[in-house]
Amino acid sequence: MKKEKVKLDENLIAKIRRIQMRAKHLVNDSFAGEYQSAFKGRGLEFEEVREYLPGDDIRNIDWNVTARSTAPFIKQFRDERELTVLFMVDVSASSRFGTVQKLKNEIAAELTALLAYTALKNNDKVGLVVFSHEIEHYLPPKKGRGHVWTLIRDILTYQSQAKTTNFHQPLEFLNQVLKKKAIVFLISDFHVEDYENVIRTTAFRHELIAVSIRDRRELSLPSMGYLELEDIETGELILINTSQKKKLQEFETFTQKQKKEQEDFFRSKGIDFVSLKTDSSYLDEMVKFFKKREKRKM
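Note that the sequence shown covers residues -5 to 292 in this note's numbering.
Quick caveat, the hints were computed from the structure, so don't treat them as lab data.
Some clues are possibly wrong.
[Stated by the list, open to error] EDC-like, lysine to aspartate or glutamate: derived pairs with alpha carbons at most 20 Å apart: (1) K263 <-> D209; (2) K254 <-> E288; (3) K175 <-> D188; (4) K173 <-> D188; (5) K253 <-> E166; (6) K254 <-> E244.
[What the hints assert, rightly or not] Computed spacing ranges between beta-carbons, pair by pair: (7) E255 <-> S31: 29 to 37 Å; (8) S214 <-> K173: 23 to 31 Å; (9) R11 <-> N191: 38 to 46 Å; (10) R44 <-> R12: 48 to 56 Å; (11) K253 <-> R194: 17 to 25 Å; (12) I7 <-> R90: 14 to 22 Å.
Being a predicted model, the structure only gives us computed values, none of them experimental.
Each residue gets a CB set at the ideal place from its N, CA and C atoms; glycine is no exception.
Required output: the full structure, derived from the provided sequences and hints.
Have a look at this one:
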């Protein structure tokens, strides 16, 4: 887990600041409220025993302590609101792809910043796992605006040499280092195979939210004659004649089938799945997700 040092030039610092400022602007009371409703705390946690006072709920009387005393005592609880939120961000080769205004890793950085600042506003701790086919970098959960800056910087600047994605080692690492239940955002384009078992194990231990970020050209192609397509992760080259409608339809049918199979898997296992695109608003989609989750949890 060695992180390669990257010099922060003025352009990169400006980009981080833009993301930071946009996230702070979007984290208004409404969005923060949606987040808090979607991710409630663990409930009431025992704090202390104190002497009974008129008006206290008799259901909270600690009968064991009362029996040893000359006066009644009650159990006092506090609301355990604080959560641990961990962002698992895929930095394999395909994350550096994008044909619109932003690359997928830029969307991942903006989304992480938005959610991290929202969690911070709700007094939650946030952490980061940067991964490809293995763990590349880990920031343990903590609080603080400086910590969120580090999260954004690490996602944008991490220079992974890995081409492929694999969920096994990263999710197994997560299950080892986080002993308590956490909110886990798994952010990837999900160009990965054979992940079902480790996903199920992680979802059993934590509240897992799978966030897929895709570019429109991964789902459909324009008519531009012959195109040589390269799979960024495998290096495989494919020559396709995009002037042939049949070829375009075959490509789109295949990608849509793959996308539907992923969505069906997560839905069948009761795991939250959010689908984002580089050319549409991730904010709108996240608000829809929060509202849907709140209704389901009621």
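### Task
Give me the numbers of the hints this structure contradicts, sorted from smallest to largest.
1, 2, 3, 4, 5, 8
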